[in-house]
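The primary structure of each chain is shown beneath.
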Amino acid sequence: DAKTTQPTSMDCAEGRAANLPCNHSTISGNEYVYWYRQIHSQGPQYIIHGLKNNETNEMASLIITEDRKSSTLILPHATLRDTAVYYCIVRDPMKTSYDKVIFGPGTSLSVIP
Amino acid sequence: DTGVSQDPRHKITKRGQNVTFRCDPISEHNRLYWYRQTLGQGPEFLTYFQNEAQLEKSRLLSDRFSAERPKGSFSTLEIQRTEQGDSAMYLCASGITDTQYFGPGTRLTVL
Chain A
478 DAKTTQPTSM
488 DCAEGRAANL
498 PCNHSTISGN
508 EYVYWYRQIH
518 SQGPQYIIHG
528 LKNNETNEMA
538 SLIITEDRKS
548 STLILPHATL
558 RDTAVYYCIV
568 RDPMKTSYDK
578 VIFGPGTSLS
588 VIP
Chain B
12 DTGVSQDPRH
22 KITKRGQNVT
32 FRCDPISEHN
42 RLYWYRQTLG
52 QGPEFLTYFQ
62 NEAQLEKSRL
72 LSDRFSAERP
82 KGSFSTLEIQ
92 RTEQGDSAMY
102 LCASGITDTQ
112 YFGPGTRLTV
122 L
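Chains as they are written, first to last, in the numbering used here: chain A, 478 to 590; chain B, 12 to 122.
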């Protein structure tokens, strides 16, 4: 599974859009991009995933570049409850091995009042 | 609340003792995963079950660790002869597809 690179930390003003980038330059054709987040002292929470088309759900939007080497998670109107560590991972769902799924340290997003 | 529950939420034990954690996945989920997470790091994969079959074990899972999922429902993770380095959050996740739904975790402290 491809590795990902994310900024260590980001700040966002409450009510503004939070744009969290992720680089996955070695992504292969069958690998999806998944985003999870982890609020302090809780388990990770699934947010969204996509292959190549942009995706949107009630939590966020996922924009994947045409070459699929990077993506951006967008929280359209960040609230204080969105303060969390955000993880971007890539994975081929047809693979049966999870040993190479790397969460990494993620991006610590602080939403500021 | 994702519907995945873990028990206990916190466990403090002395070095050398055995501990067992339980995970109850969402009922229709046939996939179950265990992860370990230390402070400041993302979750690290430990093991994966599909129904009752343990299909994969990470090299992180030493001989002191054992996981079971009898009847393909709940799962237990046992650590024998605990060491201080085992102190971590132990996370369970379940799913039907590749999307994983995590429980709240069990925080283990080994004194």
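Hints were generated in silico from the structure; no laboratory data involved. Hints are not guaranteed to be accurate.
[Unchecked claim] Reference excerpt, derived from the structure (chain A facing chain B, CB under 10 angstroms, subset only):
| no. | residue |
| --- | --- |
| 1 | 487 |
| 2 | 489 |
| 3 | 490 |
| 4 | 553 |
| 5 | 560 |
| 6 | 564 |
| 7 | 569 |
| 8 | 579 |
| 9 | 580 |
| 10 | 587 |
| 11 | 588 |
| 12 | 589 |
| 13 | 590 |
[To be verified] Examples of chain B residues toward chain A, derived with CB under 7 angstroms:
| no. | residue |
| --- | --- |
| 14 | 81 |
| 15 | 85 |
| 16 | 89 |
Heads up, the beta-carbon is just placed ideally off N, CA and C, and yes, glycines get one too.
Results of checking the hints against the structure:
no.: 1; hint: 487; verdict: violated, 16 angstroms
no.: 2; hint: 489; verdict: violated, 21 angstroms
no.: 3; hint: 490; verdict: violated, 25 angstroms
no.: 4; hint: 553; verdict: violated, 22 angstroms
no.: 5; hint: 560; verdict: violated, 16 angstroms
no.: 6; hint: 564; verdict: holds, 6 angstroms
no.: 7; hint: 569; verdict: holds, 9 angstroms
no.: 8; hint: 579; verdict: holds, 7 angstroms
no.: 9; hint: 580; verdict: holds, 3 angstroms
no.: 10; hint: 587; verdict: violated, 15 angstroms
no.: 11; hint: 588; verdict: violated, 20 angstroms
no.: 12; hint: 589; verdict: violated, 21 angstroms
no.: 13; hint: 590; verdict: violated, 25 angstroms
no.: 14; hint: 81; verdict: violated, 21 angstroms
no.: 15; hint: 85; verdict: violated, 16 angstroms
no.: 16; hint: 89; verdict: violated, 20 angstroms
In terms of the numbered hints stated before, the structure departs from hints 1, 2, 3, 4, 5, 10, 11, 12, 13, 14, 15 and 16, listed from lowest to highest.
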